[in-house]
Amino acid sequence: MKDFLKELIEIPGVSGYEAEIAGYIANEFRQHCDEVVTDPFYNVYGIKRGAGDKSNPKVMLAAHMDEIALMVKDIDKSGFLRFTNIGGVDQRILLAQEVIVHGRDKLTGIVAVMPPHLLSPEDASRAIEMKDMYIDLGLPCERVKELVQVGDLITFKSPLVSMLGSFVNGKSIDDRAGVVILNEVMKELDKLVYQAEVCCVATVQEEVGTRGAIISTYRAEPDIGIAIDVTHGDTPDASKDDTYAMDKGIVVCKGPNMHPGLTERFLEIAREYRMDCQVAVSPRPTGTDARSMQISRAGVPTILVEIPLRYMHTTVETLNLDHIKSAARLIALFIASLKEGWQEWLRY
Amino acid sequence: MKRLLELLTGTYGPSGSEEDIREVIEKEVREYADEVYTDALGSLIAVKKGKGRKVMLAAHMDQIGLIVTGIDDNGFLRFSNVGGISPFNVIHRKVRFQNGVTGVVSYETELEDIRNLKLGKMYIDIGAKSKDEAKALVNIGDVAVYDAPMAVCGDRVTGCAMDDRAGCAVLVETLKRVRNTDHELYFVFTVQEEVGLRGARTSAYGIMPDIGISVDVTLTGDTPKSRPMAINLGEGPAIKVKDASVIAHPKVKELMIQRAREAGIPYQLEVLEAGGTDSGAIHLTGAGVPSGVISIPCRYVHSAQEMVDLKDLTQAVELLVTILEKEIEI
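Chain order of the listed sequences is A and B. Read left to right, the first sequence gives residues -10 to 337 (our numbering). Read left to right, the second sequence gives residues 3 to 332 (our numbering).
The following block holds chain A by itself, in its conformation from the complex (with noise of 0.2 Å):
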């Protein structure tokens, strides 16, 4: 799991350019489900039939593949390069990281700082933005433009890191951990007896507006859908109210974007097999997958699963692992109570 999840995050799956890392993804599935789908955009849906007949609900689970990132936007006089982000991008990060710009060949970056003494009093109490920091490939300016183009990808370094017990970190743990997730759910689904049909979507294109899960959702045509995401660990600066125990068990999200009743069933699960669970409240449509799994089509009864995460959308994502052994385990355990009848839970 853990070996699942270090290949996953080495491999680049920049928003909107997902398809190394979706046939990364479709292999290792493929070992665990009945049938692997990749759409054109790059979606891959695991199938997994269970031993109901078509009475029995389609589930689907989705959890994103993709990360954010930087693209060159332009490239200066002197061969630096501009650019702008995909996605959530923290700008407070950015200086001195090390990046991989993917033009040509695949180049190392720094994002450019200026030194302390270089900088006016008034400079060095400043934050400075993005747009006017600059990549430094160390390259003459000629022979970057014939490596690197407009457009072209920078993606972060940054490896899974064990740190001491069961938290490791790293960059786009948002939320190739929740690909890792999808795969576990698999395994422990063969251990259980079950009657729906699963579909396992790793999705593309959250961190630009939850894209991915607009058009997959749209060709599962789901029940059932259940959302499996990333939520704030908790830090000493931050607020109780906003974020939750890094060792109190997965994040089970509330509000208007989860089907109540739904929602409340899998509590009961998770009561039942003595599994802590932490709940959250979302008073707005939510910044997953969920948010547009709900409103797919007709309408689909959706819940959301989250796993608590420090320092999100930073290269240093930290989070527990045991969280994505419970979160499977209770999420299979699920899908398994879901037998004749299933439709009651969805009354309001």
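Read the hints as simulated data drawn from the structure, not as lab findings. Each hint can be trusted.
Here are the simulated distance ranges between beta carbons:
#	chain 1	residue 1	chain 2	residue 2	range
1	B	Asp184	A	Glu257	54 to 62 Å
2	B	Thr225	A	Arg286	43 to 51 Å
3	B	Arg179	A	Asp(-8)	52 to 60 Å
4	B	Tyr302	A	Pro29	31 to 39 Å
5	B	Ser88	A	Pro29	31 to 39 Å
6	B	Ala246	A	Thr97	26 to 34 Å
7	A	Gln138	B	Asp22	35 to 43 Å
8	B	Thr225	A	Gly276	29 to 37 Å
9	B	Arg179	A	Pro272	47 to 55 Å
10	B	Tyr207	A	Lys176	35 to 43 Å
11	A	Pro272	B	Lys227	38 to 46 Å
12	B	Asn83	A	Glu261	50 to 58 Å
13	B	Gly86	A	Arg336	39 to 47 Å
Straight-line distance between alpha carbons at most 16 Å, and here's what the computed EDC-like set of lysine to aspartate or glutamate pairs gives:
#	chain 1	residue 1	chain 2	residue 2
14	B	Lys227	A	Asp121
15	A	Lys66	B	Asp224
16	B	Lys253	A	Glu9
17	B	Lys133	B	Asp75
18	B	Lys253	B	Glu329
19	B	Lys227	A	Asp63
20	A	Lys243	A	Asp231
21	A	Lys243	A	Glu257
22	B	Lys253	B	Asp212
23	B	Lys56	B	Glu37
24	B	Lys178	B	Glu30
25	A	Lys176	A	Asp23
26	A	Lys(-5)	A	Glu17
27	B	Lys253	A	Asp28
28	A	Lys120	B	Glu275
29	B	Lys227	A	Asp65
Being a predicted model, the structure only gives us computed values, none of them experimental. Even glycine gets a Cβ: it sits at the ideal position worked out from N, Cα and C.
Using the hints, position chain B against chain A.
Quick look at chain B alone, frame taken from chain A:
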């Protein structure tokens, strides 16, 4: 091209009131299409039948405008925006309503700092001396557009609504020129792009194309001390990489680049940081439609004097024709 662009930019058609511009475009395309129809929201669709890929080409025919929200006792009109109207772009501009009534836009001069100017502090003066006089000419809900006939500056032209009548002109010319194609082509002149890509969303659902290509204007980075952007006026049509509404499908983008290279058509690659276009709605239709965008470089977008280079438009037509006359394998 020049005549067509002048005709299109001079015709009234803000988002939601596209009747006049639709009629003008319909006349232009009728004899070149196998079928022409208007969908439920008002988008105009000209079809060229074929057996190959179903390709939707979209350019929006709506333009931004000023919608009347109130008429005061002295006959001044208060207004709100239809689409992206900046207060600074409309100060002392001449505007025109559908019935031909014209007015000038001004603001409350007791305002101390012009930076605080908002549309709520502005009004349209149509020369009326009283509320009744104004009401005889204009109703609440009527929409005015810039009244700025196209002017020629060398190879370049300025005027209002180049966004996106320039795209409409490119589509009309492409329809006229494309011949040897097996593909089924839907030339869609969409409504309500400026208020959220609405016409494209519904017309794409109605068509369910295999591929989507929209044609719209984009910004440039070639004016004095402008924000860095690698797009220059007159250096060829732009092939979009991304904007805020869509990341062009890599295979559609690559196909455009390949066709441009084969035909020796100059092109630029576009990374637009803010703003979107019809492909943003088209690509998320149904189970997804691989989509791209050909952009026309344009200075001063959303002002009354948007500037484009006619060469960029004719080269965009050439690029579209070569794409449509060859194999489209995605």
